[in-house]
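Numbered by my numbering, the letters in the sequence shown go through residues 1492 to 1904 in order.
Worth flagging that the hints you see were computed from the coordinates, not collected in a lab. Using N, Cα and C, we set each Cβ at its ideal position, and we do this for glycine too. Treat the hints with care, as some may be off.
Taking CB as the label site, the calculated pair distances span [what the hints assert, rightly or not]: (1) Lys1586 - Lys1838: 55 to 65 Å; (2) Lys1535 - Leu1777: 42 to 52 Å; (3) Gly1596 - Lys1535: 43 to 53 Å; (4) Ala1532 - Thr1627: 25 to 35 Å; (5) Pro1508 - Pro1854: 35 to 45 Å; (6) Ser1782 - His1536: 23 to 33 Å; (7) Met1631 - Gly1596: 33 to 43 Å; (8) Phe1506 - Val1612: 11 to 21 Å.
Under the rule of at most 25 Å between Cα atoms (straight-line distance), these lysine-lysine pairs were calculated in the DSS-like manner [said to hold, decoys possible]: (9) Lys1811 - Lys1838; (10) Lys1535 - Lys1586; (11) Lys1878 - Lys1840.
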Amino acid sequence: MSPQPPSEGSTDILFSPLTLGDMRLSHRIAMAPMTRNRGVASLKHPGTFIACPLMEEYYAQRTTQGGLLISEAIPASDPNYVPGIFTEEQVESWKPVVEAVHRLGGLFVAQLWHAGRTRFVQNEFPIISSSAIPITKTFMGTPGVVPQAMTIEDIERVKEEYAQAAANCIAAGFDAVELHAANGYLPEAFLHSNINKRTDSYGGSPENRNRFVVELCDTITQAVGDNKFSLRLSPFGFFNEARGEQRVTQWTRLCQEISGRNWAYIHFMEPRYDEMTSGSDKLKELGGDASLKPFLEALGGRMPVIVAGGYDCENVRTSKVLEEGRADVVAFGRYFTSNPDLVYRLKHKKPLVEYIRPRFYGPFPDPETAYTDFPFSPENSNTPERKALLETETARNLIVAEPGWQLSKSGVQ
């Protein structure tokens, strides 16, 4: 990471420009990748999903001039209940979504995903992982299927599938791709010692466990170029039963291995963040001293850094994460779901609307509810569409979020 200072005359680094790869940003607030399950089933390729006009509206609402949006997780090959990008139909379905963001001056990165052993959809495609170690309970609460341990041939095939998917993303108009190597999904299943029990060159030591991720990154960059590639990591994540040992050693070695690359950015999830527990409980279990510092030092300041996890309108400034050079961009997730004009609200210090957790993940019979019907700030409702949203949602008695580190009344972030 090499922090880029505010432009002359600017006093707020959060709203200063910077460059990530080929992308010129006008501010340092990014929309984090968030699965929302609003795609529609394909009639042409049963079992696959495609992007739809409702998604076009959703991303457009959250677009700002020179602002960075990272897409929901997009399957590179493994069919799931979300729009992928491995068929021609899927590529075509994403084009109007990307065009909607670009028309408004935004920048759009596609996050490439493979669920690995966590996939709960049963189809003709085998569930695969680094080893034949099942997840105890899937996201849907069902017992996991014992996955097939990937052969060397499987590894080579999956790398090529990712490369083709990355090329498809660029063909669809995305500005870059982000490899999702976090949250216990397929790439991270190689990094965690409790999941990866291999005895070949892809397991047994931190260096060997890193091998698949490093090779995968290199294969993708050969397809799209370094400037259009980025990587997301969660060194301290517990999600999907990612409970490997030697976390600091494992991810420090990984960061050392990739430190010479010239990628658009690297994206870390903060230690405090967890999908299923509170930040305080997470840090307590980690021992309280978990930090991204060793990984940033291993990278040697040669790549821009995005951080995400638990940021709100107050701590994004009080933490001084940008001012102290610990990151170049801060990504917001949940508050972007309920505040389509989050960038405006942060800039003008307007109250944030509380997110509605039960409406995060579809499918729903009314998919637009708590997806595209959240209001813009009253001061920013300057179009007929925004005024209509504000009138409708005022009647819904939305809750204004309380500032601070604890982001929900249930104690779960």
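Okay, the hints, checked on the actual structure:
no.: 1; hint: Lys1586 - Lys1838: 55 to 65 Å; verdict: 31 Å, violated
no.: 2; hint: Lys1535 - Leu1777: 42 to 52 Å; verdict: 46 Å, holds
no.: 3; hint: Gly1596 - Lys1535: 43 to 53 Å; verdict: 33 Å, violated
no.: 4; hint: Ala1532 - Thr1627: 25 to 35 Å; verdict: 29 Å, holds
no.: 5; hint: Pro1508 - Pro1854: 35 to 45 Å; verdict: 39 Å, holds
no.: 6; hint: Ser1782 - His1536: 23 to 33 Å; verdict: 45 Å, violated
no.: 7; hint: Met1631 - Gly1596: 33 to 43 Å; verdict: 38 Å, holds
no.: 8; hint: Phe1506 - Val1612: 11 to 21 Å; verdict: 42 Å, violated
no.: 9; hint: Lys1811 - Lys1838; verdict: 16 Å, holds
no.: 10; hint: Lys1535 - Lys1586; verdict: 18 Å, holds
no.: 11; hint: Lys1878 - Lys1840; verdict: 20 Å, holds
Hint violations for this structure: numbers 1, 3, 6, 8, all remaining hints satisfied.
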